[in-house]
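Q: In case you want the letters, here they are:
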Amino acid sequence: MSDESAISARGLYKSFGDIQAVADVSFEVRAGEIFSLLGPNGAGKTTTISILSCLLKPDRGEAWVMGHSVLAESQKAKAQMGVVPQEIALYEDLSARENLVFWGKMYGLRGAALNSRVNEVLEVIGLTERDSGRVGKFSGGMKRRLNIGIALLNRPRLLIMDEPTVGIDPQSRRNILDSVKALNRAGATVLYTTHYMEEAQELSDHIAILDHGKLIAYGSHEELVRIVGELDRMVLTLSAEPDRVVSAWRDISGVRQVDIENGAVHLLVEDSNQALPALIEAAGRAGVRVTSIQIQEPNLEAVFLHLTGRALRD
Amino acid sequence: MRAIDLAYNDLLQILRDKQTALFLVIMPVAFTLLFGFLFGGFSARTEEDPRLPIGYLDQDGGAMADQLIRFLEASTAVRPVNLGEGDDPDEMVAQEDLAGAVIFPAGFSAALKGEQPISATVIVEEGTPAGMTALGEIRAGLNRLQSAVRAAQQAVLAYENELAFQDDSSRRRYYDEAFNKAVSAWVDPPLAVETRMARASTQPAQELDNAFAHSSPGMMAQFAIAGLIGAAGVIVQERKQGALSRLLTTSISRGEIILGHFLAMAAMVFTQFALLIVFGQLFLRLDYFSQPWATLAITVAAVLFAASLGLLLGTLAKTEDQVVIFTLVPMFVLSGLGGAWVPLEFTSRTVQTIGHFSPVAWIMDGYKNILLRGAGLTESLLPAGILLGFTALFVVLSVWRFKFE
Amino acid sequence: MNMQVLDIALKDLRQSFRSFFALAFMFGVPILVTGMFYFMFGGGGGEDEGFNLPRTFLSVVNLDQGSQDLSGSGLSPEFANRLTQAGIDPASAGSMGEVLLDFLRSDSLAEILEVSIVPDEASARKAVESGEVDVLLVIPENFSQAVTTPGVRASLELYQDPALTLGPGIVKSIVSQFIDGLAGTKIGIEVVLGQLTQAGVPIDGSLVEEVLLGFLAAPDQSGSEDSQLLVARGPVGGGQARGNSGLAGILGPIMGGMMVLYAFFTGAASAQTILTEAEKGTLPRLFTTPNPQATILTGKYLSVFLILSVQVTVLLLFARYVFGIYWGQPLPVLLVALGLILLASTCGLFLISFLKNSRQAGVVFGGVLTFSGMIGIMSVFTASSPAASGVTDVVSLFVPQGWSMRTVELAMGSAPIQELLIFLGGVLVWSWVFFGVGILRLRRRFE
Chain C
0 MSDESAISAR GLYKSFGDIQ AVADVSFEVR AGEIFSLLGP NGAGKTTTIS ILSCLLKPDR
60 GEAWVMGHSV LAESQKAKAQ MGVVPQEIAL YEDLSARENL VFWGKMYGLR GAALNSRVNE
120 VLEVIGLTER DSGRVGKFSG GMKRRLNIGI ALLNRPRLLI MDEPTVGIDP QSRRNILDSV
180 KALNRAGATV LYTTHYMEEA QELSDHIAIL DHGKLIAYGS HEELVRIVGE LDRMVLTLSA
240 EPDRVVSAWR DISGVRQVDI ENGAVHLLVE DSNQALPALI EAAGRAGVRV TSIQIQEPNL
300 EAVFLHLTGR ALRD
Chain L
0 MRAIDLAYND LLQILRDKQT ALFLVIMPVA FTLLFGFLFG GFSARTEEDP RLPIGYLDQD
60 GGAMADQLIR FLEASTAVRP VNLGEGDDPD EMVAQEDLAG AVIFPAGFSA ALKGEQPISA
120 TVIVEEGTPA GMTALGEIRA GLNRLQSAVR AAQQAVLAYE NELAFQDDSS RRRYYDEAFN
180 KAVSAWVDPP LAVETRMARA STQPAQELDN AFAHSSPGMM AQFAIAGLIG AAGVIVQERK
240 QGALSRLLTT SISRGEIILG HFLAMAAMVF TQFALLIVFG QLFLRLDYFS QPWATLAITV
300 AAVLFAASLG LLLGTLAKTE DQVVIFTLVP MFVLSGLGGA WVPLEFTSRT VQTIGHFSPV
360 AWIMDGYKNI LLRGAGLTES LLPAGILLGF TALFVVLSVW RFKFE
Chain B
0 MNMQVLDIAL KDLRQSFRSF FALAFMFGVP ILVTGMFYFM FGGGGGEDEG FNLPRTFLSV
60 VNLDQGSQDL SGSGLSPEFA NRLTQAGIDP ASAGSMGEVL LDFLRSDSLA EILEVSIVPD
120 EASARKAVES GEVDVLLVIP ENFSQAVTTP GVRASLELYQ DPALTLGPGI VKSIVSQFID
180 GLAGTKIGIE VVLGQLTQAG VPIDGSLVEE VLLGFLAAPD QSGSEDSQLL VARGPVGGGQ
240 ARGNSGLAGI LGPIMGGMMV LYAFFTGAAS AQTILTEAEK GTLPRLFTTP NPQATILTGK
300 YLSVFLILSV QVTVLLLFAR YVFGIYWGQP LPVLLVALGL ILLASTCGLF LISFLKNSRQ
360 AGVVFGGVLT FSGMIGIMSV FTASSPAASG VTDVVSLFVP QGWSMRTVEL AMGSAPIQEL
420 LIFLGGVLVW SWVFFGVGIL RLRRRFE
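Top line first, the protein sequences correspond to chains C, L and B.
Residue numbering for the first sequence follows numbering that gives the first Met the number 0, starting at 0 and increasing by one per position.
Residue numbering for the second sequence follows numbering that gives the first Met the number 0, starting at 0 and increasing by one per position.
Residue numbering for the third sequence follows numbering that gives the first Met the number 0, starting at 0 and increasing by one per position.
Derived by calculation from the structure, the hints in this document are not laboratory data.
Treat the hints loosely; a few may be bogus.
As the list claims (entries may be wrong) - Okay, derived cross-link-like pairs now, SDA-like style, lysine to any residue, Cα gap no bigger than 20 Å in a straight line:
1. K279/B with V234/C
2. K112/L with A216/B
3. K239/L with G139/C
4. K279/B with S94/C
5. K142/C with G166/C
6. K112/L with G180/B
7. K56/C with F15/C
8. K402/L with G388/L
9. K239/L with D92/C
10. K239/L with F401/L
11. K136/C with T318/L
What the hints assert, rightly or not - Here's a subset of chain L near chain B, in silico, CB distances under 8 Å, partners left out:
12. M26
13. G83
14. G85
15. L134
16. D175
17. E176
18. A197
19. R198
20. T346
21. R348
22. L371
As the list claims (entries may be wrong) - So these bits of chain C aren't anywhere near chain B, every CB distance computed over 10 Å:
23. N40
24. S52
25. R59
26. Q74
27. T164
28. E229
29. N261
Just so we're clear, the structure is a prediction, and the values are computed from it rather than from any experiment.
Every residue, glycine too, gets a C-beta built ideally from N, C-alpha and C.
Using the sequences and the hints given, assemble the complete structure.
A: Shown next, in the form of structure tokens:
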């Protein structure tokens with residue numbers, strides 16, 4: 000592990016009964032960067048996060064957070080991080096301030112230092128005016144903000160955020176994404192999990208893609224996109240079952256990959272302008288009409304599709 | 000028809016909750032048995048002597064102590080138990096192994112014949128019904144003993160007024176004969192008090208002290224209310240989860256919604272009562288079916304009252320926690336005040352009157368009238384009518400307060 | 000101690016006291032139930048006030064025809080004089096039914112009997128059947144004759160409401176005592192006269208008068224409550240110096256039972272927050288803070304302990320100063336309270352460690368704790384039944400609540416400290432087992 004690593008994970012394995020949730024996951028997060036774990040539901044993101052935040056012990060492998068082993072020096076590791084869980088983990092019959100004071104104490108803050116930090120965090124998350132209100136009466140967005148605020152109390156060098164934008168409105172999501180960037184600019188390393196490609200794309204310096212517990216790709220956005228090269232992604236829907244035309248399309252020059260997903264045909268082609276007429280002609284010969292066409296620039300969705308044969312959102 | 004569908008849906012939800020089986024059947028049966036057994040509910044059927052045990056320690060060894068023991072053996076309320084060397088009567092009374100204990104000191108019999116009798120020591124917890132009964136029986140026995148002594152003394156005096164004894168031994172023989180005659184006469188005294196019960200039921204007289212006759216209706220009433228937690232909870236959940244709003248977008252009317260919930264609760268409580276009545280009839284020898292129409296009238300009225308209470312609870316409570324509190328507090332208050340645990344006869348007239356503001360008191364009256372007084376349908380109309388009055392009141396309140404939003 | 004342990008405990012305490020539900024179960028229901036009995040059994044006084052028996056409604060039909068032998072006109076003036084000297088009105092002596100009526104209506108019985116004289120037997124019986132009256136006493140027409148005439152027998156009838164036990168029992172006791180007095184005199188006279196006849200002494204009116212006067216003059220304890228033949232006292236040693244009598248004597252065990260029952264509910268409910276926090280995510284979040292698992296679980300257990308401490312203290316004080324219940328000497332009470340708090344808290348931990356989620360808690364509360372609690376405190380219900388007490392003494396010790404209840408009763412009864420320590424030892428053993436198993440299971444679950 001290099002001196003500049005905030006997180007170093009080596010060969011992590013974790014299973015629950017017959018289910019292999021995490022299998023041989025290794026990656027490194029540099030200090031000061033935003034690193035995303037991207038993958039669909041059930042990919043192993045939360046399990047990986049849980050291992051790194053010392054909630055679960057891996058069956059095999061090791062990880063270090065800020066230079067401290069999560070197995071042998073878990074207390075020291077935890078002192079360096081702030082964790083924002085996916086579900087809203089607050090005490091609903093306490094006020095916002097009472098929640099922050101309690102959690103601050105859990106992080107070892109006391110007295111004037113605690114009070115001062117609580118005030119600062121309330122300011123950051125925009126809840127100063129509502130500090131004495133019972134959390135149970137807060138809106139969803141307010142609860143999310145408080146949920147994040149708690150993780151900031153101990154001025155963590157590493158912030159772990161597990162799908163913080165799930166189920167919230169677009170405006171609140173925008174606010175959270177902006178906050179993540181601001182925290183990063185202020186010096187925090189952020190480990191961010193999501194199944195939204197756009198978020199990973201917007202925020203991250205580096206991205207690791209997980210699927211079925213395995214790390215299938217790792218790198219910056221540009222590096223990942225290069226996996227699929229300069230290929231264009233096309234999605235065509237047809238008037239009949241695609242099976243009749245797919246084999247013909249595979250034989251067309253310039254067509255690199257053809258997959259059927261939910262009745263639509265996903266293709267990776269070298270040049271969509273050149274490929275399209277040939278595709279339409281082949282469909283016509285098979286007696287099938289093309290009913291819609293989408294052409295997309297290479298993105299993480301394409302990468303995932305290329306690597307797994309499935310769409311990221313499924 | 001839609002109300003019945005709604006009721007059926009409610010019942011499905013209720014019966015899927017494990018707690019329901021507990022409160023509906025298992026616990027009332029268990030507590031009926033517990034309370035009834037503890038207070039001698041099986042006494043008529045077992046070999047065991049149900050009379051209160053009174054220990055005796057005979058340090059005297061004389062005839063008087065023996066005779067008192069014989070008096071106590073003939074009692075219908077107590078039975079004497081001979082205490083051994085190592086037995087501590089104080090401890091045994093304190094631990095409630097005995098209702099009381101009597102210690103005959105040395106010289107008791109001899110002194111009884113003289114002018115200065117020596118007292119026997121009676122150990123009882125005077126504040127308890129068992130202690131009071133024990134003391135009363137011992138006192139009665141001692142009084143009869145003393146009466147026989149007095150008869151013997153007077154016999155000797157009367158003889159000496161008219162004639163003279165030859166010697167001391169003939170005097171003693173005369174005394175003993177008079178004493179024995181007096182004691183024998185007490186076996187069947189010329190004046191007696193007989194008790195008859197005012198009843199016309201088919202239940203045999205010896206079953207009348209069946210303690211289950213109180214605990215059975217008491218626990219039925221109490222757990223009918225307790226069982227409403229699940230049913231009222233369904234109403235609360237329906238409102239909270241948005242299912243009620245969804246229902247209102249269908250063609251079911253508001254009245255049908257309320258009726259459906261009411262019917263579900265009524266069906267649940269009726270089943271509960273039916274099971275417990277059959278249980279009481281078959282296993283506790285409570286003759287509920289001696290007056291079938293009367294039993295049906297009281298049962299239907301009690302069921303409707305309980306259902307209306309459940310409807311009101313589901314109407315007023317906003318959360319599941321509130322359902323529990325709003326159910327359990329009335330359960331305790333109505334059951335306690337209504338005499339489900341301790342019969343109201345042990346309280347003052349004022350409390351008995353106040354207790355009858357609790358519907359549970361009328362349920363108790365209704366069933367005990369049937370079981371113990373042999374009351375028929377006519378006599379059951381009053382308690383049934385009062386219960387229907389409570390039903391009407393709770394239904395009106397529920398309809399008024401039912402939140403459809 | 001790690002400050003975080005206290006922070007967690009105090010946070011839980013604060014949450015508990017903000018919950019109406021928790022407050023109702025901790026304080027409301029036990030006080031309500033005891034208060035109800037307080038009110039039902041005459042609640043107005045403290046330890047000294049006796050428990051007042053309710054008055055029994057007694058109606059009397061006096062069919063007695065009187066006795067020629069004792070009617071005023073049949074008595075010699077000298078005998079009538081001597082009757083008066085003996086405190087008996089010669090005019091009423093002719094009707095023992097009237098004498099009995101006067102006795103029942105006397106001031107000494109006014110507090111427990113409400114007597115009404117009814118001329119018509121049929122309507123009197125109907126009144127009993129309809130519940131207007133508790134008991135009917137029918138004095139037969141040959142009552143006086145049976146008292147005065149050899150060979151004549153009479154039986155008084157008590158016609159009672161079969162649903163009642165207390166009032167008819169009291170009436171029977173009172174009437175039987177009176178009748179026994181008369182029967183004793185009659186038996187005595189018959190024995191005396193019989194013996195004299197056997198001895199060859201001729202019996203005439205004046206001899207009978209002499210014998211009767213002899214009985215009247217002799218100290219007659221029959222039918223009396225003030226018998227010289229017995230001295231009644233309460234048991235010494237095990238139950239002596241019981242601080243509660245009267246109303247407090249009834250309420251004490253009830254309040255003790257309620258306190259034990261609801262302490263165990265509170266213990267389980269408080270421990271249940273471990274499950275609810277696990278479900279809501281705040282417990283896993285706690286595990287992400289730089290605090291060992293042991294600190295967090297200790298804090299959770301301490302919260303249960305503190306909540307119970309507050310509950311037990313409040314209930315003890317409330318019962319003492321509002322209901323006048325004497326719990327015992329300070330040291331035993333303190334030990335008993337600590338034992339109850341320890342046992343209820345560890346029992347809660349133990350039970351919760353077996354649950355998968357908070358939904359299952361309903362079965363725990365509704366079933367396990369209610370049933371075991373009622374078994375544990377069943378001595379409250381068997382106070383008046385020695386036969387049943389023997390059973391409850393054994394059966395109640397099968398559940399932890401029974402051990403706590405026993406310590407409460409021993410403290411209340413001022414039992415010797417050695418006896419109390421035995422049961423406190425049992426409480427400690429239960430607690431130790433519960434804590435060990437509960438903590439082990441919880442630690443494994445959250446590893």
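Q: So, for every hint listed, does it hold in this structure?
A: So, going through the hints one by one against the coordinates:
A threshold of 20 Å between alpha carbons decides the hint, and for K279/B with V234/C the separation of about 41 Å lies outside it, so the pair is violated. The hinted pair formed by K112/L and A216/B meets the criterion: a straight-line CA distance of about 17 Å does not exceed 20 Å. Of the supplied pair hints, the one linking K239/L and G139/C holds, its CA atoms being roughly 17 Å apart against a limit of 20 Å. Distance check on the hinted pair: K279/B and S94/C sit about 17 Å apart at the alpha-carbon level, within 20 Å; holds.
With a C-alpha separation of about 12 Å, the suggested pair K142/C and G166/C falls inside the 20 Å cut-off, and the hint holds. Pair hint K112/L plus G180/B holds up; C-alpha atoms about 19 Å apart against a cutoff of 20 Å. A hinted pair counts as satisfied when its Cα atoms are at most 20 Å apart, and K56/C with F15/C qualifies at roughly 12 Å. Simply put, K402/L and G388/L have alpha-carbon atoms about 24 Å apart, too far for the 20 Å limit, and the pair is violated.
This hinted pair checks out: K239/L and D92/C have alpha carbons roughly 19 Å apart, not beyond 20 Å. Between K239/L and F401/L the alpha-carbon distance is near 13 Å, which keeps this suggested pair within the 20 Å criterion. Of the supplied pair hints, the one linking K136/C and T318/L holds, its CA atoms being roughly 15 Å apart against a limit of 20 Å. At its closest, the beta carbon of M26/L sits 7 Å from a beta carbon of chain B; the interface hint therefore holds under the 8 Å criterion.
The beta carbon of G83/L is not positioned within 8 Å of any beta carbon in chain B (closest approach about 17 Å), and the interface hint is therefore violated. Contact between G85/L and chain B, as hinted, is not supported at the beta carbon level, the nearest pair being about 15 Å apart and thus beyond 8 Å. Hint on L134/L holds. Least Cβ distance to chain B is approximately 6 Å, under the 8 Å limit. The interface hint given for D175/L is broken, as the beta carbon of that residue sits about 11 Å from the closest beta carbon of chain B, more than 8 Å.
Below 8 Å, beta-carbon pairs count as interface contacts, and E176/L has one with chain B at about 7 Å; its hint therefore holds. Interface restraint check for A197/L: the shortest CB-CB distance to chain B comes to about 5 Å, inside 8 Å, so the restraint holds. Interface hint status for R198/L: upheld, as the beta-carbon distance to the closest one in chain B is roughly 5 Å, under 8 Å. The interface hint given for T346/L holds, since its Cβ lies 5 Å from the closest Cβ of chain B, which is under the 8 Å cut-off.
With a cut of 8 Å, the hint placing R348/L at the interface with chain B holds, because the nearest CB-to-CB distance is about 6 Å. Satisfaction of the interface hint for L371/L is found here, the shortest Cβ-Cβ separation to chain B being roughly 4 Å, below the 8 Å cut-off. Interface exclusion of N40/C from chain B stands, the closest Cβ pair being 18 Å apart, more than 10 Å. Against the 10 Å criterion, S52/C falls within the reach of chain B, whose nearest CB is about 5 Å from its own CB.
R59/C, annotated as away from the interface, keeps every beta carbon of chain B farther than 10 Å; the closest lies near 16 Å. Against the 10 Å criterion, Q74/C falls within the reach of chain B, whose nearest CB is about 5 Å from its own CB. No beta-carbon of chain B is positioned within 10 Å of the beta-carbon of T164/C; the least distance is around 17 Å. The beta carbon of E229/C sits about 43 Å from the closest Cβ of chain B, which is more than 10 Å, so the claim that it is off the interface holds.
Separation of N261/C from chain B is adequate, the least Cβ-Cβ distance of about 33 Å exceeding the 10 Å criterion.
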